[in-house]
Amino acid sequence: MDDIVFFCSQCNAKLTADVDEAGEDFECPKCQSPQTVPVLAESGEKAKRVTTKLKTFVQPPPSTSTGAPVVRIPKRTIVMSSKSSGEQGDESDDYLEDLGGGGMRLFAVALGTVGFALCFLSLSWAVFSLQDQSTSGWIVLLMFTSTFLSGLMGLVLAQLARFMVRIADRLERFELS
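For the sequence shown, the tail end lands on 205 under the numbering used here, and the numbers increase by one without skipping.
No lab work stands behind these hints: they were computed from the structure. Honestly, I wouldn't trust all of these hints.
[To be verified] Derived DEER-like restraints, expressed as beta-carbon distance ranges:
| hint | residue 1 | residue 2 | range |
| --- | --- | --- | --- |
| 1 | GLU200 | THR44 | 45 to 53 Å |
| 2 | ILE195 | PHE144 | 23 to 31 Å |
| 3 | ARG201 | SER164 | 23 to 31 Å |
For glycine and all other residues, C-beta sits at the position ideal for the given N, C-alpha and C.
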């Protein structure tokens, strides 16, 4: 059977009733105010807007839809700002470094400093060892190479740690927006 769809005159709740119940009185289930089911012009056909003493009106019967409201969600657009080189890029880098926190940045600075110190110490040790002639040349060269490479590795790891902090901060900013 067809249903009559109308709204409560007090609370605007959506109400439905069978066509057979047209003209009958009842109470709104939501606000308990007295309502009268509107009368259709022709049963099963288009409904006229009939104003009753309670200021209700008749709407046409619902179409073949399920009655659920259609919610349209706009597509999310990703906007990456393209900053020109210069002052703007430096400001954003400072902002991202501030977001990274002190722990990882402190680790990167300490690792870079230790790496630089190892490079300097290995070079100075190699120069003094070769002047004394107390050790053979290949041991000095091997020791210099190993300490120099470990110092460079410290510098590379420091830069990678700094880079990872910046990536994590950008991802966090992207997820928040």
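Hint by hint, here is what the structure shows:
no.	hint	in the structure
1	GLU200 / THR44: 45 to 53 Å	holds (49 Å)
2	ILE195 / PHE144: 23 to 31 Å	holds (24 Å)
3	ARG201 / SER164: 23 to 31 Å	violated (56 Å)
Violated hint: 3 only; the structure is consistent with all others.
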